[in-house]
Structure formats: C-alpha cells, structure tokens
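Trainee: Sequence:
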Amino acid sequence: MQYERFEGSWFLKSNWHLVKTGQSDQSKGVPVPPQEEPPAPEDCVINLPPPDSILRAFEESREQKRAAASFEDTRTSEKPFWGVPERAAVLYHLLNNRRSRRKYTMEPLTIEELSYLLWAIEGVKENHGKFSFRTTPSGGARHPLDIYVFAHKIKGLNVGLYRYLPVEHELVLERQGDDSIALNEALNGQFWNAACVIMWAAVPYRSEWRYGRAAYKLVALDTGHSCQNLYLACESLGLGTCAIGAYDQEKLDAYLGLDGEEMFAIYTAPVGHVAQP
21 MQYERFEGSW FLKSNWHLVK TGQSDQSKGV PVPPQEEPPA PEDCVINLPP PDSILRAFEE
81 SREQKRAAAS FEDTRTSEKP FWGVPERAAV LYHLLNNRRS RRKYTMEPLT IEELSYLLWA
141 IEGVKENHGK FSFRTTPSGG ARHPLDIYVF AHKIKGLNVG LYRYLPVEHE LVLERQGDDS
201 IALNEALNGQ FWNAACVIMW AAVPYRSEWR YGRAAYKLVA LDTGHSCQNL YLACESLGLG
261 TCAIGAYDQE KLDAYLGLDG EEMFAIYTAP VGHVAQP
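So for the sequence shown, the working numbering puts the first residue at 21; every next one is plus one.
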C-alpha cells in the first residue's frame with residue numbers, strides 16, 4: 021500500500037550528521053543568546069508567590085493532608101498499588117488519572133495555583149547565568165521556549181496577557197484587558213471558557229546557536245516535555261487541561277505579538293477547574 025508522504029517529516033528524524041564541527045554559532049564564538057527576553061524598564065512586572073506556596077497551604081489543612089495521604093481517586097474506583105514506595109504511588113495516581121479535559125467551571129484559579137503550574141512547566145531549579153537547569157529537560161539546556169499566559173479568571177491577577185520569566189519567577193504584563201474573543205478565534209474555537217490559557221512560543225535560535233539544523237527536533241521534544249509537566253501538575257491540583265496543536269498559526273502569532281519567524285507559537289493549553297460531565 022502506498023502512503024502519501026510529506027517533506028516536513030525529515031526534522032523528526034535524527035539529523036546529527038548535519039551538525040558540522042566548527043559551523044555552529046557557538047563554535048564560531050558568537051555570544052550565547054539570553055535565557056529570556058528581559059522586561060523593559062516601563063513594563064509592569066508581577067512577582068509570583070513561591071511555587072511551593074500551594075503545597076504549604078495544603079499542609080496546613082489536616083483534612084486535606086489526610087485526603088492526600090489516602091491517595092483516594094475521586095474519579096474512579098481504582099487505587100494505586102499500596103506495596104510500592106509512596107512517591108511511586110503518587111506518580112502512578114497522577115499518570116493513571118491524566119486526561120485531556122475540555123469542560124471547565126466558572127471557578128477561578130488562585131495566583132498560587134498559577135504560580136505552581138508555571139514553575140512546573142518551565143521553572144528554574146539552578147541558574148548558572150548563561151544556562152539553567154529546570155523542571156523540564158532540554159537539549160543542551162538551551163530551553164528554546166517562551167511561556168505566555170492569558171489570565172482570564174485568576175484571583176489576585178488582572179485579566180490580560182502575560183509573559184513568564186522563569187529565571188526570576190515573575191510575570192510581565194504584555195497587555196491588560198479581556199480579549200478572549202480574539203484568542204478563541206486564534207484557537208479555532210477551543211478556548212472553552214478556561215480560567216487561563218498557557219501558550220508556548222518557540223525561540224529556535226537558542227537551540228540553533230549550538231545545534232544548527234538539528235535544533236528543530238529538539239524544540240519539538242522540549243515542548244512536549246513541558247506540556248506533559250503541565251498535565252501532571254494540573255492533575256495534582258484537581259484541575260483540567262487539554263493540549264491544542266490545531267490553532268491558527270498567523271492569528272495566534274499576531275495575538276502574542278510574535279513575528280512568526282524568529283519567534284512563533286508552537287503549542288497551547290487551556291486550564292480550568294473540571295466541570296462534571
């Protein structure tokens with residue numbers, strides 16, 4: 021049987037033979053690109069709560085502490101394997117219950133919950149100036165992604181579009197106001213009245229600087245790592261999300277203020293409290 025093949029599939033294969041010694045910008049002595057675009061002096065910057073603040077809040081409640089210790093699954097009658105170590109049981113619980121969830125309630129997220137989610141998908145654990153080790157793996161620790169969030173219903177945060185600064189764990193206000201209609205159009209009708217929408221933007225040169233043409237596969241892999249962390253973090257908080265790749269590229273790039281070449285949207289995911297079926 022003959023299948024139609026498309027030219028673009030080449031970048032999904034291993035292309036390390038294309039990385040020639042001495043031809044990358046790194047080998048030529050070109051300065052390393054910054055980990056993130058710093059905010060302008062006039063930008064509004066919001067300090068986020070520490071990412072573990074949501075965990076400390078849980079620990080203060082005995083009732084919630086007992087519920088977490090029981091690993092009770094509220095969605096199914098199944099329970100994890102009790103004979104394995106506690107951390108493995110927690111991970112089993114999260115993986116077993118991970119779903120793509122598209123129906124959300126009107127309940128807002130707290131800024132502590134948003135802080136935790138952003139840290140989970142791209143948070144910095146060790147900053148070494150020109151590179152950092154984060155909660156997600158990245159080829160060569162290049163982390164070629166910028167994270168944007170449309171805050172629709174977040175307690176303690178004005179409605180608007182923000183950019184996440186992982187090194188500082190801060191948000192930069194890109195613009196204030198509810199333009200969810202335009203975002204819904206860019207998402208091809210998949211906004212689903214979410215409390216917020218996480219959007220990944222690719223910055224390919226951060227990886228190209230070291231790996232040249234072989235960088236593009238790494239950008240795609242890194243995006244997948246980051247989004248899976250969002251799924252698991254949402255599950256741990258009882259929230260829902262659904263990764264979206266079927267968006268309108270030009271409209272979403274324009275919505276985020278990206279040029280579509282040096283930077284462009286690559287993935288999106290609405291987040292909210294799960295509505296009952």
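FYI, nobody ran anything at the bench for these hints, they're computed from the structure.
Warning: the hint list may mix true and false statements.
Under the rule of at most 25 Å between Cα atoms (straight-line distance), these lysine-lysine pairs were calculated in the PhoX-like manner [as the list claims (entries may be wrong)]: (1) Lys173 / Lys48; (2) Lys48 / Lys237; (3) Lys123 / Lys271; (4) Lys150 / Lys33; (5) Lys237 / Lys33; (6) Lys123 / Lys175; (7) Lys123 / Lys150; (8) Lys123 / Lys173; (9) Lys173 / Lys237.
Every value quoted in this text rests on a predicted model; they were computed, and no experiment measured them.
Trainee: So, for every hint listed, does it hold in this structure?
Mentor: Tested hints:
1. Lys173 / Lys48: The given pair, whose Cα atoms are some 47 Å apart, is violated under the 25 Å limit.
2. Lys48 / Lys237: 22 Å, holds
3. Lys123 / Lys271: Holds, at roughly 24 Å.
4. Lys150 / Lys33: 29 Å, violated
5. Lys237 / Lys33: Roughly 8 Å separates the two Cα atoms, so the pair holds.
6. Lys123 / Lys175: Status holds; Cα separation ~20 Å.
7. Lys123 / Lys150: 41 Å, violated
8. Lys123 / Lys173: The given pair, whose Cα atoms are some 15 Å apart, holds under the 25 Å limit.
9. Lys173 / Lys237: 34 Å, violated
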